[in-house]
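**Q** Now for the letters of each chain:
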Amino acid sequence: MKERIITLWRSLIWPWSPRSSREASESVVKSFWLHWFPSRISLRSMSWSFSFWLGTITFSLFIILSLTGLLLLYFYIPSVQDAYWSVKDIDNVVSFGWLLRAQHRWAAELMVAFAFFHLVRVFFTAAYRDQRVWNWYIGLALFILTLFLSFTGYILPWDQLAFWALTIATGIARELPVLGEDIRFILLGGNMLGQNSLLRFFVFHNFFLPALVCILFALHMWRIRKDGGLACMDRLVQDTKSKEIPVSPTKTYSLLGVPKGTTIYAETTEVLDDGNSTHASPHLIRRIALVFLLTTIVTLVLALLAPFALEGAANPSVTPNPAKAPWYFLWLQELTAITTIKIGEFTMSGGLIGGILIPGFLLLSAIIWPFLDKSPKEAIGVWFHKTRRIQNIIFIIILIAIIILLIVGTYLRGPYWGFYWPWQAWPEIPTLY
Amino acid sequence: MKEKESKISRRLFLEVFGKLSIVIALVATAIGAVKAFIPQVLYEPSSKFKIGKPDDFPEGITFLSQYKLYIFRNGNDFHAVSAICTHLNCVADWKPNQREFFCSCHGSVFSEDGVNLEGPAPKPLTWHPLSFAPDGNFFVETNKQVTREYNFSL
Chain F
1 MKERIITLWR
11 SLIWPWSPRS
21 SREASESVVK
31 SFWLHWFPSR
41 ISLRSMSWSF
51 SFWLGTITFS
61 LFIILSLTGL
71 LLLYFYIPSV
81 QDAYWSVKDI
91 DNVVSFGWLL
101 RAQHRWAAEL
111 MVAFAFFHLV
121 RVFFTAAYRD
131 QRVWNWYIGL
141 ALFILTLFLS
151 FTGYILPWDQ
161 LAFWALTIAT
171 GIARELPVLG
181 EDIRFILLGG
191 NMLGQNSLLR
201 FFVFHNFFLP
211 ALVCILFALH
221 MWRIRKDGGL
231 ACMDRLVQDT
241 KSKEIPVSPT
251 KTYSLLGVPK
261 GTTIYAETTE
271 VLDDGNSTHA
281 SPHLIRRIAL
291 VFLLTTIVTL
301 VLALLAPFAL
311 EGAANPSVTP
321 NPAKAPWYFL
331 WLQELTAITT
341 IKIGEFTMSG
351 GLIGGILIPG
361 FLLLSAIIWP
371 FLDKSPKEAI
381 GVWFHKTRRI
391 QNIIFIIILI
401 AIIILLIVGT
411 YLRGPYWGFY
421 WPWQAWPEIP
431 TLY
Chain B
1001 MKEKESKISR
1011 RLFLEVFGKL
1021 SIVIALVATA
1031 IGAVKAFIPQ
1041 VLYEPSSKFK
1051 IGKPDDFPEG
1061 ITFLSQYKLY
1071 IFRNGNDFHA
1081 VSAICTHLNC
1091 VADWKPNQRE
1101 FFCSCHGSVF
1111 SEDGVNLEGP
1121 APKPLTWHPL
1131 SFAPDGNFFV
1141 ETNKQVTREY
1151 NFSL
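Chains as they are written, first to last, in the working numbering: chain F, 1 to 433; chain B, 1001 to 1154.
Simulated from the structure, these hints should not be mistaken for laboratory data.
Note that the structure is predicted; figures quoted are calculated from it, not measured.
Quick reminder that beta carbons are idealized off the backbone N, C-alpha and C, glycines included.
Treat the hints with care, as some may be off.
With a Cα cut of at most 25 Å, we get these calculated SDA-like pairs of lysine to any residue [as the list claims (entries may be wrong)]:
{"id": "1", "chain 1": "B", "residue 1": "LYS1068", "chain 2": "F", "residue 2": "ASN191"}
{"id": "2", "chain 1": "B", "residue 1": "LYS1123", "chain 2": "F", "residue 2": "VAL178"}
{"id": "3", "chain 1": "B", "residue 1": "LYS1095", "chain 2": "F", "residue 2": "TRP421"}
{"id": "4", "chain 1": "B", "residue 1": "LYS1050", "chain 2": "B", "residue 2": "PHE1013"}
{"id": "5", "chain 1": "B", "residue 1": "LYS1095", "chain 2": "F", "residue 2": "ASN191"}
{"id": "6", "chain 1": "B", "residue 1": "LYS1035", "chain 2": "F", "residue 2": "PRO415"}
{"id": "7", "chain 1": "B", "residue 1": "LYS1053", "chain 2": "F", "residue 2": "PHE117"}
{"id": "8", "chain 1": "B", "residue 1": "LYS1144", "chain 2": "F", "residue 2": "GLY312"}
{"id": "9", "chain 1": "B", "residue 1": "LYS1050", "chain 2": "F", "residue 2": "GLY190"}
{"id": "10", "chain 1": "F", "residue 1": "LYS342", "chain 2": "B", "residue 2": "PRO1124"}
{"id": "11", "chain 1": "B", "residue 1": "LYS1144", "chain 2": "F", "residue 2": "VAL178"}
{"id": "12", "chain 1": "B", "residue 1": "LYS1095", "chain 2": "F", "residue 2": "SER317"}
{"id": "13", "chain 1": "B", "residue 1": "LYS1068", "chain 2": "F", "residue 2": "LYS226"}
{"id": "14", "chain 1": "F", "residue 1": "LYS226", "chain 2": "F", "residue 2": "ARG184"}
{"id": "15", "chain 1": "B", "residue 1": "LYS1048", "chain 2": "F", "residue 2": "ARG184"}
{"id": "16", "chain 1": "B", "residue 1": "LYS1068", "chain 2": "F", "residue 2": "LEU156"}
{"id": "17", "chain 1": "B", "residue 1": "LYS1050", "chain 2": "F", "residue 2": "SER317"}
{"id": "18", "chain 1": "F", "residue 1": "LYS342", "chain 2": "B", "residue 2": "VAL1115"}
{"id": "19", "chain 1": "F", "residue 1": "LYS88", "chain 2": "F", "residue 2": "GLY312"}
{"id": "20", "chain 1": "F", "residue 1": "LYS88", "chain 2": "F", "residue 2": "PRO430"}
{"id": "21", "chain 1": "B", "residue 1": "LYS1144", "chain 2": "F", "residue 2": "ASN191"}
{"id": "22", "chain 1": "B", "residue 1": "LYS1035", "chain 2": "F", "residue 2": "SER197"}
{"id": "23", "chain 1": "B", "residue 1": "LYS1035", "chain 2": "F", "residue 2": "GLY180"}
{"id": "24", "chain 1": "B", "residue 1": "LYS1123", "chain 2": "F", "residue 2": "ILE358"}
{"id": "25", "chain 1": "F", "residue 1": "LYS324", "chain 2": "B", "residue 2": "LYS1035"}
{"id": "26", "chain 1": "B", "residue 1": "LYS1095", "chain 2": "F", "residue 2": "PRO415"}
{"id": "27", "chain 1": "B", "residue 1": "LYS1068", "chain 2": "F", "residue 2": "TYR433"}
{"id": "28", "chain 1": "B", "residue 1": "LYS1123", "chain 2": "F", "residue 2": "ASN191"}
{"id": "29", "chain 1": "B", "residue 1": "LYS1048", "chain 2": "B", "residue 2": "ARG1073"}
{"id": "30", "chain 1": "B", "residue 1": "LYS1123", "chain 2": "F", "residue 2": "PHE346"}
{"id": "31", "chain 1": "B", "residue 1": "LYS1068", "chain 2": "F", "residue 2": "LEU432"}
{"id": "32", "chain 1": "F", "residue 1": "LYS377", "chain 2": "F", "residue 2": "THR263"}
{"id": "33", "chain 1": "F", "residue 1": "LYS324", "chain 2": "B", "residue 2": "LYS1068"}
Here are some, though not all, of the chain B residues that point toward chain F, as calculated from beta-carbon distances under 10 Å [as the list claims (entries may be wrong)]:
{"id": "34", "residue": "PHE1013"}
{"id": "35", "residue": "VAL1016"}
{"id": "36", "residue": "GLU1044"}
{"id": "37", "residue": "THR1062"}
{"id": "38", "residue": "SER1065"}
{"id": "39", "residue": "LEU1088"}
{"id": "40", "residue": "CYS1090"}
Kindly generate the complete structure, drawing on both the sequences and the hints.
**A** This is the structure in C-alpha cells:
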C-alpha cells in the first residue's frame, strides 16, 4: 500500500524534480504545466545579468495582482454611492483587507515600472529585430494594457483622485478629432461622470483588460520559443555555427520529411550542449519560482511599510488643488499643461497635443523603429552594441525627457500647477475635498 | 446546342455569398453590441435649472458649487459664467484678490470676463443665458452659450 502511494505521488511530481537527464528531457513533453518550456535552456538566457528577469518579474506582479484583485472583488461594490465606503471597509473592517489593497496597489505601480524596464532592456539589447518584431508589438500592446489596467484600477475607489482623473482623461478623449465627443459619451455612458461610467470601468478593469493580457501573454511566451529564445541565443547560434559543428545524423526535423533550410527554432536547439546549457526542469522552473517569491516578498514588505491612503470621497464640485495623477502619468499631465499652442487666433489645446499627439507619436515611433534600425545582426542580443550608438542616444534622450517631466510634475508643481522649488513654501494650503 | 457558359460559377457564387453573409452577421452583431452602450435614457440633472431669486445673490460674484457656476451681479445686471475649465474640465476657482479665475489641474488663468489669459486653456470660460421662471427664480441653461456682451437686466 505504502509502495503504491509513493509510486502515485512520484508519477505526479517527477517532471518537477527529475532524477535523471532522461526524465528532465521528458518532463517538458509529458507535463501539461511544463509544456511551454524548452527542454534545455542556455546558461546565458538563465543569467541574471542579461535580462535581469524583468519580464518574469512583470508576470509575477500580474499573478499577484490577479490573486489580490480576485479577493478584493468580494468586498468591493461598484456603485457611486457605495464604492468609496466599500473600499474604506476593505481598509478598516475586512480582516487583512488593508494589506490586500496595499499589496494590490504596490504591485500595480511596480508592474507599470517593470513592464517599462523590460521594454528598455529589449530596446538596448536590440531584441525587437527581424523575427522578434511581432513579440515587440505584443509587448507594446501589453504595456499599454498595463497602463489602462492601472488607470481603470484607480478609478474604482471613486475618491477625489478617481473622479478628477476620469474627468481629465475623458476630457483628453474628447479632444480626439471627429470621434472625440462620441467616445467620451460611450466611455462615460452619459454626458457626466456617474453610475454608468463607474460600472463600465469596473468591467474593463476586471474582465476585458485582464483577459486580453492573458491572451497576449500566452502569445508572448509562445513567440519567444518560436523566435529562438531570448535575443542572446542569436549570439550563441552564430558563435557555434562559425565553428562548423556537424549536425547530428540522427536529427529528424519533422515527421513528414526534411524541410529545406533550418528554422530558427531548430538552430537554437542544435547549439545547446552540456557546456553552455542546462535542463529547464528543474533549473529554469526553480529560478522562475525564486523570482516570483522575491517579487511577492517585496510587494508584501512595501504594503506592510507603506499602505496607500484613500483621498476624500469624490466631490464633483471641488477639484483638489493641486490635482495630480499617479506618478507614472504625471509626465503626460505636465505635457498637457505646457503644450497648448496659440498662433494668432488659432489655438490647439494641450489636451490634444500633450494628451494624444505626443504619446501617439511615441507609440508610432516604437512601431516603426524595427524598420529604421539598420544595425548589423551582430548587434542583436548585445547590450549597448557599438553600431547602435546613435539610436541608443536618441532613446536615452527620450527617457531623460520623460523622467524630467515626471520629476517636475511630482516634486515641482504646487497649487494651480504653479512651479515651486522643493524648498519654496506653497502660498496656500492644498485643497483636498 | 452548347449551353452558354456563365462567368460566375455556382460554386463561386455560393462561396462569395456565404462569406458575405458571415461578414454581414458579424458587423450587424458588432453594431448591436456597441449600440447597447449608447444610453437611451439619461438620469442626469437637466441642463436647464433654477438657481434662486435675484435677491439671493449679493453684489459681486457668487459661486454655486453644485452647478459649477459663477453668478455675477452688478446692481440690476446679472450674468452666469461656467466654472468648468475649457482645457480638461476641472473647476476654475475665483481669486478675489487677483480678480482672476485659476484652474488647479493645469494652471490655466482666466480674466473676470472668463477670457483665457495664461496656461493651457484654449478657449474662454463659457457664458450661459439667464431667464426668469414664472415663480421669480432664475433659470440657467448650461447647454446654451452666449457672448461676453450678454447681460440680464432686471
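**Q** Decide, hint by hint, whether the structure agrees.
**A** Comparing the hints with the structure gives:
no. : hint                    : result
1   : B:LYS1068 <-> F:ASN191  : holds, 15 Å
2   : B:LYS1123 <-> F:VAL178  : holds, 18 Å
3   : B:LYS1095 <-> F:TRP421  : holds, 23 Å
4   : B:LYS1050 <-> B:PHE1013 : violated, 64 Å
5   : B:LYS1095 <-> F:ASN191  : violated, 28 Å
6   : B:LYS1035 <-> F:PRO415  : violated, 42 Å
7   : B:LYS1053 <-> F:PHE117  : violated, 60 Å
8   : B:LYS1144 <-> F:GLY312  : violated, 33 Å
9   : B:LYS1050 <-> F:GLY190  : holds, 22 Å
10  : F:LYS342 <-> B:PRO1124  : holds, 13 Å
11  : B:LYS1144 <-> F:VAL178  : holds, 21 Å
12  : B:LYS1095 <-> F:SER317  : holds, 16 Å
13  : B:LYS1068 <-> F:LYS226  : violated, 57 Å
14  : F:LYS226 <-> F:ARG184   : violated, 40 Å
15  : B:LYS1048 <-> F:ARG184  : holds, 22 Å
16  : B:LYS1068 <-> F:LEU156  : holds, 24 Å
17  : B:LYS1050 <-> F:SER317  : holds, 17 Å
18  : F:LYS342 <-> B:VAL1115  : holds, 14 Å
19  : F:LYS88 <-> F:GLY312    : holds, 11 Å
20  : F:LYS88 <-> F:PRO430    : holds, 23 Å
21  : B:LYS1144 <-> F:ASN191  : holds, 15 Å
22  : B:LYS1035 <-> F:SER197  : holds, 16 Å
23  : B:LYS1035 <-> F:GLY180  : holds, 17 Å
24  : B:LYS1123 <-> F:ILE358  : holds, 21 Å
25  : F:LYS324 <-> B:LYS1035  : violated, 34 Å
26  : B:LYS1095 <-> F:PRO415  : holds, 13 Å
27  : B:LYS1068 <-> F:TYR433  : holds, 15 Å
28  : B:LYS1123 <-> F:ASN191  : holds, 20 Å
29  : B:LYS1048 <-> B:ARG1073 : holds, 20 Å
30  : B:LYS1123 <-> F:PHE346  : holds, 10 Å
31  : B:LYS1068 <-> F:LEU432  : holds, 17 Å
32  : F:LYS377 <-> F:THR263   : holds, 17 Å
33  : F:LYS324 <-> B:LYS1068  : holds, 20 Å
34  : PHE1013                 : violated, 36 Å
35  : VAL1016                 : violated, 31 Å
36  : GLU1044                 : holds, 6 Å
37  : THR1062                 : violated, 14 Å
38  : SER1065                 : holds, 4 Å
39  : LEU1088                 : holds, 4 Å
40  : CYS1090                 : holds, 4 Å
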